[in-house]
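Colleague: Read in order, the letters of the sequence shown correspond to residues 66 to 241 in the working numbering.
Quick caveat, the hints were computed from the structure, so don't treat them as lab data. Please read all numbers here as calculations on a predicted model, not as lab measurements. Here a beta-carbon is modelled for each residue, glycine too, at the ideal position from N, C-alpha and C. Take these hints with a grain of salt, some might be off.
[As the list claims (entries may be wrong)] Computed list of lysine to aspartate or glutamate pairs in DMTMM-like fashion (alpha-carbon distance at most 25 Å, straight line): (1) LYS187 <-> GLU109; (2) LYS198 <-> GLU186; (3) LYS137 <-> ASP226; (4) LYS198 <-> GLU154; (5) LYS137 <-> GLU159; (6) LYS198 <-> ASP143; (7) LYS198 <-> ASP125; (8) LYS137 <-> ASP89.
[To be verified] Across the chosen pairs, the derived CB separations fall in these ranges: (9) THR206 <-> VAL111: 33 to 43 Å; (10) GLY70 <-> ASP226: 20 to 30 Å; (11) PRO232 <-> ALA69: 11 to 21 Å; (12) ARG88 <-> GLY227: 31 to 41 Å; (13) GLY83 <-> ASP226: 12 to 22 Å.
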Amino acid sequence: GEQAGDLSTVNGSITVGGDARVRDVETVNGSIRVGERAQARSIETVNGGVTLAQGVLVSDGVSAVNGSLTLKPGARVDGRLENVNGDFELDGAEVRGGLATVNGDVRVGAGSRIDGGILVEKSSGWFSSGWGKPPRITIETGAVVNGPLRFEREVELQVADGAVIGPVEGVAPRRL
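Construct the complete structure from the given sequences, taking the supplied hints into account.
Modeller: Pasting the structure below:
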């Protein structure tokens, strides 16, 4: 329930309690957890996951390099949700600035909405020659993805009946 400015650390996790209001939250090696109905301007980590509890509002974007991104029911990110390596779990959440990854699996659960589409970028690193399994993108019944679903690399795209999606570029979707 408190208000603070920017929160940052290098080696450690950050927890923002429920109903708190903060600006930018950043860590290099650690996870970030944001409690119910809290608000932040932006969230960023290099090596660690991000979890947004029920009703959290992030007015800009959320990014991780190596870490999972989990959004609980009613969580909303008004900017972009992105990472390089790590899974995405949207459970009744909303993302208004699109979703981007290179190697992450994505589950867009029932009641979730992504405006701005989904982008899976081709890896440009030293180990980009097909290393690892293709990301799995799952869009469940009752989920909405507005905007293009663009895939610059091989993915396994599964779309449930009752899911609403934009145009698909780069792969053919399979029905769940």
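Colleague: Each hint: holds or not?
Modeller: Checked hints:
1. Only pairs whose Cα atoms come within 25 Å are accepted, and LYS187 paired with GLU109 is accepted, the gap being roughly 22 Å.
2. Proposed proximity of LYS198 and GLU186 is supported: the alpha carbons are some 14 Å apart, at most 25 Å.
3. A C-alpha spacing of about 23 Å is found between LYS137 and ASP226, which places the hinted pair at or below 25 Å, so the restraint holds.
4. The straight-line distance between the Cα atoms of LYS198 and GLU154 is roughly 18 Å, inside the 25 Å bound, and the hint therefore holds.
5. Between the alpha carbons of LYS137 and GLU159 the distance comes to roughly 10 Å, so the proposed pair stays at or under 25 Å and holds.
6. Taken as a hint, the LYS198 and ASP143 pair is broken in the structure, with Cα atoms around 30 Å apart against an allowance of 25 Å.
7. With a C-alpha separation of about 31 Å, the suggested pairing of LYS198 with ASP125 is violated against the 25 Å cut-off.
8. A hinted pair counts as satisfied when its Cα atoms are at most 25 Å apart, and LYS137 with ASP89 qualifies at roughly 20 Å.
9. A beta carbon spacing of about 35 Å between THR206 and VAL111 agrees with the range 33 to 43 Å that was offered as a hint.
10. A hinted range of 20 to 30 Å for the beta carbons of GLY70 and ASP226 is inconsistent with their spacing of about 47 Å.
11. PRO232 and ALA69 have their C-beta atoms about 42 Å apart, which leaves the hinted 11 to 21 Å range violated.
12. Checked against the given bound of 31 to 41 Å, the beta carbons of ARG88 and GLY227, roughly 39 Å apart, stay inside it.
13. The given range of 12 to 22 Å is broken by GLY83 and ASP226, whose C-beta atoms sit roughly 37 Å from each other.
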